[in-house]
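Asker: What follows is the residue order along each chain.
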Amino acid sequence: MQKKKGFFDSITDFTMKIAEPMGRFAEKPWVSALQSGMVAIMPIIIIGSLFMVLGALGQPWIGASGKPLLPFLAPYAGKILNVFRFTMNFLGLYAAVAIAMAYAEKLDVDVKSAGLLSLATFFLITLNGTSLTGSVKDAAGKAIPFSIAGIPVSSFSASGLFTAILVGLLSVRIYKFIVDAKITIRMPASVPPNISNAFTSLIPYAVVFILAWIVRTMFNFDIVTWVTTLFLPIFKAADNIFMYTIRMTLGNLLWSAGLHGDNMLLPIITPFVTQNIAANADALTKGIALPFIWTQPLERMSGWTATVWPLLILLFQSKVPGHRTLAVAALPAAVFTIVEPVIFGLPLALNPFLIVPFLLATVVSSIITYGSVMIGFTSRFFAALPWATPPFILGPAASGDWKWVIIIVLNVAIGYVIFYPFFKVYEKNELAKQAAK
Amino acid sequence: MKILLVCAAGMSTSLLVNNMKKFADEDDVIDALPVSELKKSIGKFDIVLVGPQVRYKMGVIEALAKEYNIVTALIDMKSYGEMNGKAVMQQAQDLFKK
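From first to last, the protein sequence lines stand for chains A and B.
Okay, so the first sequence: first residue is 1 according to this note's numbering, each after it adds one.
Okay, so the second sequence: first residue is 1 according to this note's numbering, each after it adds one.
Hints were generated in silico from the structure; no laboratory data involved.
All the given hints hold, so there is nothing to weed out.
Here are the simulated distance ranges between beta carbons: (1) B:K78 with A:A388: 20 to 26 Å; (2) A:P71 with B:E26: 55 to 61 Å; (3) B:M1 with A:T229: 54 to 60 Å; (4) A:N82 with B:K78: 50 to 56 Å; (5) B:G43 with A:F25: 24 to 30 Å; (6) A:I288 with B:V71: 55 to 61 Å; (7) A:P421 with B:V71: 44 to 50 Å.
Chain A stretches covered by chain B per the calculated footprint, using a threshold of three residues with CB under 8 Å from any CB of chain B: (8) 25-33; (9) 249-263; (10) 344-352.
Ideal placement from N, C-alpha and C gives every residue a C-beta, glycine not left out.
Put together the whole structure using the sequences plus the hints.
Answerer: Next up, the structure:
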């Protein structure tokens, strides 16, 4: 086993080398605020996507027949979709508030002030006035300009998410900078703190508002369009089978060292997959093709289904005392993709015998999972559900496509085949170890 | 003794909490939280035990614990995986005595 150990050590060393800077990155206040802000808006996204599914089922363009799948919902489809429109489709608005509040908590800034500051700044930076202007043609073909009261809400949707992140972080950062520099209106000590707090906020609020107003109104610079033009091609380019496989493998490489790989990658991945699923949901309600393959439910289809799940079967068949007990004990949690009992109990983490199949099965299942969408065998996801939803429910429920169950079964089977020879060596080694005792 | 367990989402540690309660005294309080919520709640506990999968956050956790004068330690990988309530409870008791 000497040679194998050497190889294993070099993998572990490599993992630790990348884990250390990633850990430091994840601990930065703005990174963890971004992450916890995004987590805080998940219930809104999940409820919104449930209503979106209900509404979509009453729309005639779902499915191939040209008829609604649930005709009795058809008269209410538009009304049901209102919940989606004001929740999931306003996700930028909620993110601006949640990220600012989370960041304020990290920086020890007044949380209420930060949330309000960011919300108002988000409006100021995305909207230029409260009327919509345009023109219509009359019967003679002459253009008649119109102006009606209203604001465009497209910036509040997923396309405004990156602006919301910028606003949430920058506005609080500027607030903190000004308060720390003591450029505030100070009240005598006898004034109640609540009142003096309101005065403390005056100057930093004014500075941030004026900055946003200059950019949007005076320069008429539309940051949302600019960010979308800048990021959308990057997002489109990043949504490919290679990047997906690298992300999944990197996550499990960190897990192989006993670190929560998914959580460590979350700060980078969450804004990306959240905007993707919201863009897909929006496309679905409009009856156009879903733009993105890579979404959060997709990640849940590969990975654990091809690693921990087949391992449970192998553990159940194993002759090593204790393995079967572990398999039975770990099964209920593993169904909900809570894998720590297997990762640390077997252990899979820092296990020189199993690291190769662990990574190999991750790579193969990622390719199968992403590839199945590419070739059109399975459908793209449009709904968000809690991450711990069992994949065989999550897949069909979040895409409307039962064939995801086939992909999951395939992933388990392939994972089993990949793990089998390595596990047998491990099993033999464990039996010899126990016999030697 | 008030013990707090933290991991990424507070899910897997909550499994361990259930197992620990079998070996806890009646007046012991054991709770599980995501590591992101540690700052809000750390003051209410005597001991913070950390799931091995979030040990990359140990730097921040230790700094916080020092601020509140609270003992903190990593949970042993093997005990964690086995959801060994007895061993982890023992670890907590040993730390508390110190």
